[in-house]
Amino acid sequence: MALTDLRDKLVADLGRDGVIDDPAHLRTYECDALTGYRVVPALVVLPRDAGEVATAVRACAEHGVPFVARGAGTGLSGGALPTADGVVISLQRLRRIIEVDPVNRRAVVQPGVTNLDISKAAAAYGLYYAPDPSSQQVCTIGGNVAENSGGAHCLKYGFTANHVLAVDVVLPDGTPTRLGGDAPHQAGFDLLGAFVGSEGTLGVVTAVVVRLLHTPATVRTLAADFDSTETAGAAVTAVIAAGIVPAAIEMMDNLAIQAVNEAVDAGFDPDTAAVLIIELDGPADEVEERFAEVTAVCTAATRVTIARDAEQRARFWRGRKAAFAAVGRLSPNYFVQDGVVPRTRLGEALARIAAMADEAGLRVANVFHAGDGNLHPLVLYSEAAGEHERAEALSSAIAELCVELGGSLSGEHGIGTDKACSMPRMFSTDDLETMKRLRAAFDPAGLCNPGKIFPTPRLCGERPGPYRPHPLESAGVIERL
Amino acid sequence: MKPATLAELRDAVRDTDGPLVVRGAGTAAGWAGTPLPGATEIETTGLDRLLAYNPDDMTVAVEAGMPLTRLQAELAPHGQRIALDAARTPAGATVGGLVATADSGPLRHSHGGPRDLVIGVTVVLADGTVARSGGHVIKNVAGYDLGKLFCGSFGTLGVIAEVVLRVHPLPPATRTVALPCDAVEAVDAAGRLLAARLEPVALEWCDGSLLARYEGGPSSVERRAAVTPGTPLDGAAEAKAWQRVGDVSEEQTVVRCGTRPDQLPYVAKHATRVASSVAVGVHTVAVAGDAEVERLRAEFEHVTLCRRPPGSDLPAWGRPHTAVPLMRAVKQRFDPAGRLGAGRFAPWF
Numbered sequence: 000m001a002l003t004d005l006r007d008k009l010v011a012d013l014g015r016d017g018v019i020d021d022p023a024h025l026r027t028y029e030c031d032a033l034t035g036y037r038v039v040p041a042l043v044v045l046p047r048d049a050g051e052v053a054t055a056v057r058a059c060a061e062h063g064v065p066f067v068a069r070g071a072g073t074g075l076s077g078g079a080l081p082t083a084d085g086v087v088i089s090l091q092r093l094r095r096i097i098e099v100d101p102v103n104r105r106a107v108v109q110p111g112v113t114n115l116d117i118s119k120a121a122a123a124y125g126l127y128y129a130p131d132p133s134s135q136q137v138c139t140i141g142g143n144v145a146e147n148s149g150g151a152h153c154l155k156y157g158f159t160a161n162h163v164l165a166v167d168v169v170l171p172d173g174t175p176t177r178l179g180g181d182a183p184h185q186a187g188f189d190l191l192g193a194f195v196g197s198e199g200t201l202g203v204v205t206a207v208v209v210r211l212l213h214t215p216a217t218v219r220t221l222a223a224d225f226d227s228t229e230t231a232g233a234a235v236t237a238v239i240a241a242g243i244v245p246a247a248i249e250m251m252d253n254l255a256i257q258a259v260n261e262a263v264d265a266g267f268d269p270d271t272a273a274v275l276i277i278e279l280d281g282p283a284d285e286v287e288e289r290f291a292e293v294t295a296v297c298t299a300a301t302r303v304t305i306a307r308d309a310e311q312r313a314r315f316w317r318g319r320k321a322a323f324a325a326v327g328r329l330s331p332n333y334f335v336q337d338g339v340v341p342r343t344r345l346g347e348a349l350a351r352i353a354a355m356a357d358e359a360g361l362r363v364a365n366v367f368h369a370g371d372g373n374l375h376p377l378v379l380y381s382e383a384a385g386e387h388e389r390a391e392a393l394s395s396a397i398a399e400l401c402v403e404l405g406g407s408l409s410g411e412h413g414i415g416t417d418k419a420c421s422m423p424r425m426f427s428t429d430d431l432e433t434m435k436r437l438r439a440a441f442d443p444a445g446l447c448n449p450g451k452i453f454p455t456p457r458l459c460g461e462r463p464g465p466y467r468p469h470p471l472e473s474a475g476v477i478e479r480l
Numbered sequence: 000m001k002p003a004t005l006a007e008l009r010d011a012v013r014d015t016d017g018p019l020v021v022r023g024a025g026t027a028a029g030w031a032g033t034p035l036p037g038a039t040e041i042e043t044t045g046l047d048r049l050l051a052y053n054p055d056d057m058t059v060a061v062e063a064g065m066p067l068t069r070l071q072a073e074l075a076p077h078g079q080r081i082a083l084d085a086a087r088t089p090a091g092a093t094v095g096g097l098v099a100t101a102d103s104g105p106l107r108h109s110h111g112g113p114r115d116l117v118i119g120v121t122v123v124l125a126d127g128t129v130a131r132s133g134g135h136v137i138k139n140v141a142g143y144d145l146g147k148l149f150c151g152s153f154g155t156l157g158v159i160a161e162v163v164l165r166v167h168p169l170p171p172a173t174r175t176v177a178l179p180c181d182a183v184e185a186v187d188a189a190g191r192l193l194a195a196r197l198e199p200v201a202l203e204w205c206d207g208s209l210l211a212r213y214e215g216g217p218s219s220v221e222r223r224a225a226v227t228p229g230t231p232l233d234g235a236a237e238a239k240a241w242q243r244v245g246d247v248s249e250e251q252t253v254v255r256c257g258t259r260p261d262q263l264p265y266v267a268k269h270a271t272r273v274a275s276s277v278a279v280g281v282h283t284v285a286v287a288g289d290a291e292v293e294r295l296r297a298e299f300e301h302v303t304l305c306r307r308p309p310g311s312d313l314p315a316w317g318r319p320h321t322a323v324p325l326m327r328a329v330k331q332r333f334d335p336a337g338r339l340g341a342g343r344f345a346p347w348f
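Taken in order, these protein sequences are the chains called F and Z.
Everything in the first sequence is counted per numbering that gives the first Met the number 0, starting at 0 for the first residue and increasing by one.
Everything in the second sequence is counted per numbering that gives the first Met the number 0, starting at 0 for the first residue and increasing by one.
A portion of the hints provided could be inaccurate.
Straight-line distance between alpha carbons at most 35 Å, and here's what the computed DSBU-like set of lysine-lysine pairs gives [what the hints assert, rightly or not]: (1) F/K119 - F/K155; (2) F/K155 - Z/K239; (3) F/K435 - F/K155; (4) F/K435 - Z/K1; (5) Z/K268 - Z/K239; (6) F/K8 - F/K435.
Honestly, the hints are just simulated from the structure, not real lab data.
Just chain Z, with the same shape it has in the complex (with noise of 0.2 Å):
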């Protein structure tokens, strides 16, 4: 099903019986776990207006099959953006996509990932229920914050149908320096330039070298470039390097995973490649196979499957941590019949 409006995912929702799973643009298909067989698949795509965009106000309301590409054309020529840069992104995928994965790039090292972005939202729950939380204003306390608790949800609390985000100004210039070093270099250069209070908007540690990226008026990021080690990148080269941190989610085996940020070096050692945002700790990590992630998880405790070759049958989720059977009670009052992405979350639920 391929609902166009709100009120035809409602109805969708609340007058097709059994099971359902939810899919965007399907760039993250093979996220979490496989959903069960027999599902009723609602589509997203259809859902892709722009509901409302003043550029002084900097937010801007979507429906949740919106290509976060599309949102980005639109804010560009108002000299804005979604500081948003998930990996996935330039394949499609959809602004509620990237909310129900809680996906990032690069860019979370300054602007953290959607949950720090969507500022109000609209979901449709397994009976139908239409219910909205946040607004349209970035300050904001009133209210659960439904928004950020369906990050990471993975279709499986509600259906994400609209979605108000904060927008940030598109930078007058940027400028990538590339420092070659391995694991526990990078997390001691990293230090080192956060101590300087250069302030990159990414450090991000891949294939060998760490990349800082300083955004913001065209002398200042120049000076700030040129007092950091390593060398500063052209144009093309610059593309070119980020352009190999996100292909890393594009390997056989991928897991993202958060760990202290000197833990860096134990995550590396099981890793084939690596796109860490090395001063925050969060890592995009290709594996060479299984056994290697069951090892991640062996060490680590939030570690999300992002890819697996096909065939294989490890389970999506590795030992429980404190919070699961929190997010069962959760899942139970949302969805008590259990009707949205059975098996996303199997082995825990």
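The shape of chain F in the complex, shown without the other chains (with noise of 0.2 Å):
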């Protein structure tokens, strides 16, 4: 039988502190920060270098049994779920930082390194590694390449995608290879760029080339209340007009607030209807200049409170990043949901959003990267007052609502398990067959991590429901063949 051949093979290949296959282990590695999905893996395997995870990869495609990468489990779209019968790849321990370059401002890091630890390795050059997901004290480089990962800061910054030179991957069959290149010019197509947010189905990266940037030479905040999501949602859009490109801006509504003040000091008015956190950074004369312009495009707001020092600027990101976690002293369960709109479309999204919840009799709170529309809705519900499935669709519903206002089903957790049966209503056949073409060149087998992105009649069933047609089709701005 395949599975124990396999189990042989690699303990054979990786020692026996390299397998992991008593089910009580196996259970630690049932499920990613999505707890509601859980498969118990078959195996796990422990590799402690890059030639390992090749060993372990050809060894699972030539026993045609599936597997799946994971760094620190930290995703929030089930991208890590294990399949029953396949190998969950561990990277933790591929956690070496190789080299710091402060000459040409680039680290290569193995990818179970926290995405932290290299801005920490990096500080003593004065640079940083940019994208800051909100569990980047935990969350490792590899799985933010696969996640494409984004933060408070990729309004200004970019995501992920942006600060990745080149990875070292083992392809899907086996073979070790090299994506991208010393510099951001590649001959021939940008494989790189196909790579970096596929969720772990094309291939297991074994190391990273990141850039680094300098710190910011000066960075302005402020908190800035307002009476409702609305007057927030105006001033983002005035901020945005007048040109500038601040660094972060961020938005809770009431609700989210409460929670955060809970848990963390944050300082925040418990009463006020949303706030917004602005933050600008850059040199010093310009940061200044822009900071007063966002400052009188505030005029709306009830209150600014302007971080007077590097203190009460991390008290206000404590409780921004403390957010999702904080919902869990306002109900005994919650669902993280991650959907992108247009921002000018952010106060209808707000709105329709509100009508939802109080359809479902559940409450939302809202959490989000205001800059670039990308929602976080909290849906809070009770397991044991049976409001699960309600609370789910409602979080399903939000995500497909974004879809409708012209967005995106997710903007930064990924598509996954979670909403691989919602994908139809983004994209077409046609659209999905394509993106198909791309993973069968890489894994004509379909062996790495199977299930994930695309829906399947098994897992979606009748779920995902005809396509509907993108605003700008039904504008007629767009035509679909």
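Hey, can you piece these two chains together into the complex? The hints should help.
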């Protein structure tokens, strides 16, 4: 039997302590941070270096056994969900920072290195790694590459894809290769760009070359209170219309603020309807000029608090970054949603979400990257009260609402297992079949993280529903042939 | 053939037999390999409409045949631009052509290239399949990013029909400072400017000068320029200096290559002229002849041939880099019959 043979082969190649096969231990790997989906894998391997990753992948390929790479397991879309008859390749032992090169402003790191540890290693040279997902203390760079992770500051700085120069990968047949190069110029197709954000379906990363930036000379942050999310949203639009690109514009609604205040001492006004955190960074003169403009634009704010020092700024951010977890204080259970709408439709999206929540009889807290229209509605519910299905339906409906408003099913958490069945809302069959051609080029056998991104009848049943036209299609601006 | 709509393009691809070659404005006709003779030409310049533009969302959708200069003219009244300044833009380069060639200019230092600006594409595959990826929002991780895959594909994976781009604000003011220096000094000087955290939007070494351009508020750019070593350039001199950077692409034999930034001196020693985005390590290199191209390829992996004299029999691509087998596999899946752009990637495939 393939799995027994595979286990023996992996034990022989990686050693007894490189393979986990006892059921109790395997359960540690049954889910990522989207804990609603759980599947215990058949085996877990813990390679020590790129060579062992290649050995493990090749062995899986030869035995026809599916596999999924796993970093810290902080993903929120079930992207690292195992298959029951499959192997989890944990990259936790590949956590070496191979090189920090201050002259060329880059670092070479293994995939299990955490996002924040890259910046810590670079700090000695005044450099840092820009993308900053909220989980940056624990999430790994390999996972960031798989998900094309963003973060609060991607409004100005972009996403993982904009900060990775090259990746060493093991292709799904076990062949090691390198995508990208020493500079952002590739001879030929941008295979690196196609790989970043492919959610672990095109290969396993064994090393990442990341760009490092100099830390900005000046950072200025304010928190502005508003009497409604609409007026806060209008302020965001006004900032953007003034030609300002802040490093970050974050919004939290009252429910989220209440949760945050319970959890950490962030100092937000518990009675305000919405708060915007606006941060500008860059050369001192430029930041001061622009910060004055931002403050002027926030005239509709009921209160503006300008962080007087790094400590107060850190408090704002502690509050913002603690928001997801803090919601746990308001509700025994919650779903974290991730969708994107065109920024100009934020107000409409929030109103629709509020109405949908009322109709479902559930509370929704909103925390989001307002600058790029990336919503993170948190659907509060109680398992004990039997609200699970209603909450899940509301959460899915919110993601699909984002598509209806001309946006996207996901801004940064990925499609994974969670939203595969919603993909036909956003893409036609031809779109998805074309994407599958790319997958087939990398992974003809379909063994590398199967069941993710693309809807399957087994996973979705009748759920996906018919394709609905994009708003621009309805308006006659674009056509689908 | 010159289709004027997406439907006509789809029909042209589907209903024509035999090999096809895609052409935009023809400003990069000499890039990469020469298409094999006998292919039917599909020209995209009939697809030149603005599809959707909402300035407050900072995104714009266009048909691929729209010249970038015309798009910039549409955006400018709203105080916006596409942060892409490839040298061939004034010659009429189309948005689709710039994506297909992954071309960029000095703004790559701060904004990257087409891969970093394209947020959605519609493509027509060799079998007539019309497929979209990405969308109309900047932050979006749903599905594979075919827009990036098609960057640098030179019309060999499909015809780019529509492109959605992110836009950036036009800066209120700009200022350029020129510091005369050689290649070795340029690497050091660029590093010092970055370490001083002055955030230039472009840092280009060309014809013995390091050009640092600042953009932003009027007093901020003046103050940053004032603390930058070198001579601040007035309007006419500034325009001329950047014009010279673009002119490097017009020399007889030109390649674009990517290296570690500190490799610039090794690139420069093969060159007659260089326009180098020195801090990111992307160089436009004019050389004396084919032999110098071969030497650059022997030293560096990612070299794209952009221009060569008529009659040159220099192969378009050098030794295959490690991902070339994967490029072949992708080509096989997207265009199994090899209809599109045969010869563009010769001798690789």
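Against the structure, the hints come out as follows:
1. F/K119 - F/K155: Given pair F/K119, F/K155 holds - Cα atoms ~21 Å apart, limit 35 Å.
2. F/K155 - Z/K239: Holds: F/K155 and Z/K239 sit about 30 Å apart, inside 35 Å.
3. F/K435 - F/K155: Within the cut-off at roughly 32 Å; holds.
4. F/K435 - Z/K1: Cα-Cα ~30 Å, so holds.
5. Z/K268 - Z/K239: holds, 25 Å
6. F/K8 - F/K435: It holds: about 31 Å lies between the C-alpha atoms, which stays within 35 Å.
When the structure is compared with the earlier hints, no violation turns up for any of them.
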